[in-house]
Amino acid sequence: MPGYAEILVSAFIVLGGLFGLVGSFGLIKLRDTMQRLHGPTKATTLGIGSVLIASMTFFYLIKGHVSFHELLITLFLFLTAPITANFIAKAYITRHIREQDLPATSSDYGWSVYDDPPGKETEEG
Amino acid sequence: MITLALLFAFVCFGLGLLFCLWRITIGPDNADRILALDTMVINVIALLVLYGVWKGTAIYFEASMLVAMVGFVSSVAYCRFILRGDIIE
Amino acid sequence: MRKRLIPHPLLSIMLTLVWLGLVNKVTLGNLLLGALLGLIIPMITAPYWPDRPKLSRPFTVVRYVLVVLWDIVVANVQVALMILFKRNDDFRSEWVTVPLELTSPEAITVLAGTITMTPGTVSATLSADGHAILVHCLHTDDPEGDRDRIKARYERPLKEIFE
Amino acid sequence: MNHWIIAPVILPALLAPIIGFVMRHDIPLARVASLAGTGALLAIAIGLFLSAGGDPQVYYLGDWPAPFGIVLVLDKLSALMVLLTAVLAMIVLVHAVATGWDARGWHFHALFQFQLMGVIGAFLTGDVFNLFVFFEILLIASYGLMIHSGGRKRMRAGLQYVVINLAGSTLFLFALGVIYAATGTLNMADLAQRIPELPEGEAALVRVAAILLLVVFGLKAALFPVHFWLPATYSSAPAPVAALFAIMTKVGAYAIIRVHSLAFGPDVAATGGMISDWLFPAAIITIAVGAFGVLGARRLMPLIAFSVVGSMGALMVAVSAFEPAAMTAALYYLVHSTFAAAALFLLADLVVSRRESDVLTLRPATVQNGLFAALFFAAAIGMAGMPPLSGFLGKLMVLDAMRAPGQMPWAWAAILIGSLMTIVGFARAGSTLFWKPTALSGEPVPDDGADPAEPAPEQARAGAAEIAPTMLSIAALALVTGFAGPLSGYMSDTSAQVFDRAGYVSAVLDGGPVKQAAEKDKKAEGAEPSQDAPADEPADGEDH
Amino acid sequence: MEFVVASSVGALTAAGVYLILRLRAFAVILGLALLSYAVNVFLFASGRLAINMPPILSPYEDLAYSDPLPQALVLTAIVISFGMTAVLVMVALGAYLESEDDRIDLEDEAEEGDAPGEVSKL
Amino acid sequence: MTDDSFSLIIIALLPFLGALVPGVMIRAGRNACAIFTALPTALALVMLLLHAPAVMDGEVIKAELDWLPQLGLSAAFFLDGLGMLFAGMILGVGLLITLYARFYLSGEDPMGQFYTYLLLFQGAMLGIVLSDNILLLLIFWELTSLSSFLLIGYWKHLPEGRQGARMALAVTGAGGLAMIGGMLILGNIVGSYNLTDILAAGEQIRAHEWYVPALVLILLGAFTKSAQFPFHFWLPHAMAAPTPVSAYLHSATMVKAGVFLMARMWPALAGTPEWFYIVASVGLITMVLGAVIALFKDDLKALLAFSTVSHLGLLTMLLGFGTEAAAIAAVFHIINHLTFKAALFMTAGIVDHEAHTRDIKRLGGLAKLMPITAVIGTITALSMAGIAPFNGFISKEKMLEEAVHTVWWENPWIVPALATLGAVFSVAYSLRFIFHVFGGKVRDDYPAKPHDPPFGMWAAPALLTVLVVLIGVMPFLAEPVVNMAATAVTGHETHAHLKLWHGLTPALYLSIIAVVGGAILLALHKPLDRAWIAAPRPEAKAIFDRLLAALAGLAQRISEGSHNGSMSRYLAIFVAATTVLGYLAWSGSAAAAPSRELLPIPPVVMVGWVLLLVATASVVICHRNRFRALVVIGVIGLIISFGFVYLSAPDLALTQISVETVTIMLLLLALHFLPKATPVESGAARRLRDGVIALAAGAGVAALAYVFMLRDVSTISGFHLANSYKGGGGTNVVNVILVDFRGYDTYGEIIVLGIAGLIIFALMEALLNGPAAAKLRNTDYSQDRSRDRHPLMMVIATRVMMPVAIMVGVYIFLRGHNQPGGGFVAGLVVSIALLMQYMASGFAWTQRRQQIEYHSMIGWGVVIAGLTGAGAWLGGKPFLTSGFDYYHFPPIEEFELATAMLFDLGVFLAVLGGVMLMLYSLSRIARYAGETVNVAPMDYDPSQDDGGEGPGKSDQTERER
Ligand code: NA
Ligand code: NA
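Chains as they are written, first to last, in this note's numbering: chain A, 135 to 259; chain B, 37 to 125; chain C, -8 to 154; chain D, 272 to 815; chain E, 43 to 164; chain F, -13 to 947.
Any given hint could be a false lead.
[As the list claims (entries may be wrong)] Chain D is faced by these chain E residues, among others (derived, beta-carbon under 7 Å): (1) V46; (2) L65; (3) L77; (4) S88; (5) L115; (6) M126; (7) L130; (8) V133; (9) A134; (10) S141; (11) D143; (12) L148.
[Said to hold, decoys possible] Restricting the straight-line Cα-Cα distance to at most 25 Å, the calculated cross-link-like pairs of lysine-lysine (BS3-like) are: (13) D/K424 <-> F/K662; (14) F/K347 <-> F/K512; (15) F/K354 <-> D/K424; (16) C/K16 <-> A/K163; (17) B/K91 <-> A/K163; (18) F/K354 <-> F/K435; (19) B/K91 <-> C/K77.
[As the list claims (entries may be wrong)] Residues from chain E that keep clear of chain B, each with C-beta distances beyond 10 Å, as calculated: (20) F45; (21) N94; (22) P96; (23) P101; (24) Y102; (25) E103; (26) D104; (27) E140; (28) E142; (29) R145; (30) D147; (31) E149.
No wet-lab data here; the hints were simulated from the structure. By construction, the Cβ of each residue, glycine as well, lies at the ideal position given by its N, Cα and C atoms.
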């Protein structure tokens, strides 16, 4: 087992742990929900990213075979994290923020949580 | 060294889980709970991956993959319930 | 005809790669099986993705990806430092409206995702007609600057790529 | 290996999806298929019954040797239960088709066939976990049948039925966990072999497993104090379904007979008389519950349901002795009470659908009042255990068998007094339902202005096909009475086989496919995986 | 570790039992879900606990494996209880839609047309 | 079988065979019906009489057919003197009653039914007296109760009939059940249920410790049947029956069954002080009481009924004396009572039939209007009074004679005194019958103008009256019959000497006292009657009614109170009982010391533990907020899945996490329609109780798990590990167990899923076609706080995610045999992938883009799995025997094909179809509830618009149905 590999892997692991911890810490530290939303979507992403890199490095450098699994998980998380954050934000906005407290949209239509899309006025019933 | 690093990371993500638990328990909003659950999912994935590194096996990879997938789906479902009531209207 | 058989070539390639990643072993058999699945699955799911997005400028794509990755790292460090060392009272969170020139849903989605993954911003919702994104900044002293940065750094290349 | 053993499971299992998914829009076709399938099932059941004369026959699924794979065991007891199920199924199915019940909701026939599959599978299996699986099949099918055609009352009763049985299934799994933890096996024969040989220190686990299983099976068999679900369920279920459920309580009884006499019998040191000691008083109180319920019932369907509870009590009293003569009585009574319950529920359906209520108050007589009255009289004396029908013989056999000094007074008093209360209850119900009311005496008369003596004109007369199933059930009672001698001869052979543990064990464990790993098995057991499990040291297992 | 598993099973069971004793169908469903978790872990534990010994055979080395049988049993149990839960949820929904509330208890059996006096008529 | 025994069986069976006839013959007319009813009776009687000479010679004819040898129950009959006497009476009177009823019943009465019941009853009665097996006797005994229930309730329009029938059934049925107990004890003592054996074992029985219980139980049966005090009250109420029934059942036959039984069991049971004090005392009381009450009854049939009670008491008392002479007297009185009482009932019936009333107060002077009836009535009533020269006199003399010699509890006076008192009243009511009905002046206010009936109606009583006179005048004629029966009763040969004149005996003095006293009582009837009416006295029927009403009410309260529909109570009982039983079972034996070492608890596990406990507690605490509870449940599922990974069960982890997700989806979908919060409904005490039960159950389960995890056990799974690869072709042992070793379980499990799909579909249809539909229509379920239903971002992400997820599903499916995964998880993963699509663009849109028959998919899954299993039959192998092989086509590397994968495909399809059908059903309900359906994949597609004007692509919505 090459020594630099060990150091590299360990470093990524420690980094991952730190970012993961900070991300979750944001969850309890920050005051309002919208702020808290920033923690996990970023800090934790890097945390888990580091962990995945550590894992790949570990398997390649120490176990001696290439592992693509981690890439898949990364792909998955990168695809899903914004959507989740978007939904959580909307869930929060609809329950706690009035339309007038938000900046205007710059077009005729309001934000989609409050306003129907164009041509949708006839939908009710 | 790796073992030590792993131990450190385990403690970090473990603490992270406890923070999430705190948020889930006290809320105050359901959006916070969903957020915490989602974060918890990410922490668990990290733990699973690290566990695989520790044990030197890739056998737990499917679990992390699946956790990532269902974590997303259930977070969206919870949010949709709050947003629309019917999640697959 | 070709569109019926291979509705989304990029998706097919991606799926083939995903398959190789899943089986974690590049062999001829796996490649063939992956390619086969990469053809079949998009065919099955084609009804749910009726139109094929236009994609051009591969170089811009690569540059964009690298930029975003770098920004993600930076964003993470910044946010981590803020979480750790900034007093809660010192946070100045703002809502920012980012008017969009993009119209392709794919492009909008990528932009919104990018915003979420990068420095101190989360895209919260679109306007009902899809011409603006509502962005929440964790801490900002200059909302207009943030908006312009987003438009310049992310929207412009995306517009090149998708339209 | 006799492949016919699995036929009664596979036939409905293949037929049901075809009916459910291919013929779901074509009721006549589904009816034909269902009737034909049930007819074939009956033929197979008869064939199996005739072939079950000798030692238990074992079917090794997947060609794996016991106890490692799952086995089916066809012995006299399981053959009898399968045949009973098939006969009952045919009767009930004809009723359901003739009365049109099957068309009042979706998927009756598919669920019916699945129900048969579950019940028969439970009777045939030789594996406790597989028993659980088939319990679940028969239960989930019964949920569907129970709420067939919907309606408020049925739905709410159905909800309770589902909930209590889910709780029961959970307990079943707990019990199986304890069994596996204590014995390391799931095969019934293997259990029968291993449990007596377990070291004394493991007895406590075995005892807990035995008692938990008793509660689980008792729940199905409607034993006090886990019987409470039955009256509401049976009286809210569609009548033909309630009639089919006559076999469901018997599944619980069968499971106790099978599992407890194989693995936890009185001669097993770990359990000793424990099962009897609990089963007996529970059964006695069950009789009382049934009797009070029948006497106090204000509606016909609950009355019948309570009589089913009472009959299960009498049956379980005999089972609780775990002794051949009593078991003979129990088996005879089991067959009898199945048909008696079916007859009553089917008849009740004919009557209640015409009276439009099962409330036991005086109402205008229905069409064919005399016929219904006569059928009710016959079915009721069957259920109440009055002569000359088999109920009386069954009860006599039970009484005769219960001679242990500590048990006799209780058993006799409960059965005799219970019978009396049942008779009085049925007499009251029957005379209210069928004897013409009059204004002469101050008895309440419906005040809807109709002449109470005249049946409502729009009532449809029950055709031959509608009445035939009820009559067949009663005819079955008569046959059980008339051929009491040969039948109880068979029962006594059966109960001898039930208590012949060694015979069962050797049939299952000594026969079967050549064990490719007979010696390897020894080795594997020696190198027991969980024994020398090293603590979590990083193993460099590799993906392959 | 054994204590952790046992106490978790106990806690899940206790919570599940408490919830199935509530009066509303939804609480009962939650309770049954918890009980289902509890029993799955319980059944799994009947094969004893083992760490990093998944029963995936390795052709290369002679490893020790955890007991695969309870795992297979639990899988079967999970699937079955999934089907059961689905039905339960639908039945509960049906019962709720057909009446005013989602109470689990049945109301009094007595309905109009019932003459309680008839019993004493004997 | 000899001719004799064959003929005996025929005799016993004839009434039952004949019972089938009337129903058919009634179509041929009432006369034909009556004749064909009489035929079997007559035939049986003739056959019986053919045996008479032999029986009188002391021969006993036997016949036996096997019935239920295991129990000792056989269809065994024997004909001895006692049986002969009773069988003759039953058949003889039966013939007369058939004749009488032909004229008595009106044209509206369903005569065929009547004769059927009558013959059934006759058969049952005959069976009692001919049975040589006490179990058989019990069967016939209860049959008489049942058939008399039908006969008493024959006039269904009379509530009195209904109540009388039920009362008779309750009382005699109860006695019958007691008797079963007694008889079974007798059988146990003797070791045989054969009557002959039992009668021969009298010494043994009387010496046995169970003698008294057996005696009491059997006597209960006899006393209830023969209307002995305190069970006498049912008989008068049975008089609601048509008079032929009263005459037959309540004078001649059924009520004598109890007396018969006492006579029958005499050799086995009589002769002990217990016998004497119980039987004689009860008989004495009944005799006096019945006679007293009879005097004050105005209804002719009630008078006769109480008279019958009294005479049955007399018979019982005689049998109770236990002496041979008393037995002879009893037998003789049985005959006499039969003759006069049957005739009297028929007379009463004639009066009722003609005058349309049976009320003595409205009668009188009938002697002139219906002289024949009057003669018959007078003679037989005099016999009933015990007045010479009629037969009643002789038997009463004999009774008094026996009474005089009887010492009761060292008191020689009490029995004769009471017997005489009974006789006094007996004379009084008999005379009243004569004088108040036939005597006196002709009235003009009868409800109908009475006159003598046609010959057919008075022929039967006339014949009996002839017998009354004949036996009275020439009693020696009856001697052979009496001896024949008495010999059978006592068990040794008797020599009865029946004379009209015995000289001046004490009995004669007592008789004279009785006649004089009776005449005085009749003279004083009016004031006595007033006093009687005024006097408070217990009304047996009222007591019985109240008792039964109380019992039924109690039963109703107990039953409905305990089965009150309270599910939570049922479950509490279930859990508590299980816990207690489990604890008792556990503590019944000591457990051995632990044999395994504990595994360590690393910090992450500690964290997981805390998470699980806190989450579990929060579910309980916040369960009223249903949505929140569901979120927390998600935590529990996540932790448990993680635990499964940690504890070497990757397959379990995969399954757990995916099942949990789908389950939560399902719950969310249902919660959409359900109340969002659970109200507080149980008080603190209730919650405390539930908490205690819950904690006890939890502690029990935890302790159990802890204990067994500390021990080693040798399990069968070594075989699976050893054979998984070699025999099952897979390295994932769990998967090989699922699809191969225990594939049958898995087959069952997918069937469960298939059934679940069916039920949910059926349920949905039922709901949408039931009252729920209206509720769905009329309730607004929408909680659409947000206006965007299908956000663009989600739709776009899903377009990429779903194919990837499906790919993952395929991967998990294909590798399941060798690595964690398999058909079930794959099915769920693909379901989740589809779910993503549904959540993104809505169910209806997605569904419409691609019609997938989820119904058929389940069916195919189940069928494929089943056929894969059955395919093994082709090779002669058992169901589910698997096959696998490795293939190698260069340049592709070697791969494996196994039938188990086909089986797994079935699993996959069933799971996918099942989950999707559930979602489909819920979605249909939602649309029914007013949900609108989009026609575009996303709310609004900005690339399609032309500056925000005009309708976009998604603006058209449609509504289901
Ligand atoms: Na698997
Ligand atoms: Na095989």
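### Task
Identify whether the interface hint at E/L77 stands, where standing means a beta carbon of chain D within less than 7 Å of its own.
Given a least distance of 5 Å, the restraint on E/L77 holds.
Self-check item: No chain B beta carbon within 10 Å of E/F45's
Solution: 18 Å, holds
_Check on E/E103 being off the interface with chain B, judged by Cβ distance over 10 Å_ = The claim holds: E/E103 sits with its nearest Cβ about 12 Å from chain B, beyond 10 Å.
Next on the checklist: What's the verdict on F/K354 and D/K424, does the C-alpha distance respect the 25 Å limit or exceed it?
Outcome noted: Distance of about 69 Å is beyond 25 Å: violated.
**Report entry** Pairwise hint evaluation, C/K77 against B/K91, where the allowed Cα distance is 25 Å at most
**Finding:** 38 Å, violated
- Task: Please verify that hint: E/L148, Cβ, nearest Cβ of chain D, below 7 Å or not.
- Result: Result: holds, 6 Å to nearest chain D Cβ.
Interface exclusion of E/P96 relative to chain B, criterion Cβ beyond 10 Å: Given a closest Cβ separation of 6 Å, the condition is violated.
### Task
Classify the label on E/P101 as holds or violated, using whether its beta-carbon is more than 10 Å from each beta-carbon of chain B.
E/P101 clear of chain B: closest Cβ-Cβ about 14 Å, beyond 10 Å.
- Assertion that E/D147 lies outside the chain B interface [Cβ separation over 10 Å]: 27 Å, holds
Against chain D, run the beta carbon of E/A134 and see if the smallest gap drops under 7 Å. Since chain D brings a Cβ to about 6 Å from E/A134, closer than 7 Å, the hint holds.
Tell me if the straight-line CA distance from B/K91 to A/K163 falls inside 25 Å. 34 Å, violated
- Message: Less than 7 Å between beta-carbons is the criterion; does E/M126 satisfy it with respect to chain D?
- Response: Where the cut-off is 7 Å and the nearest Cβ of chain D is about 6 Å from E/M126, the hint holds.
Comparing the model with each earlier hint shows violations of hints 1, 2, 11, 15, 16, 17, 19, 21 and 22; every other hint is respected.
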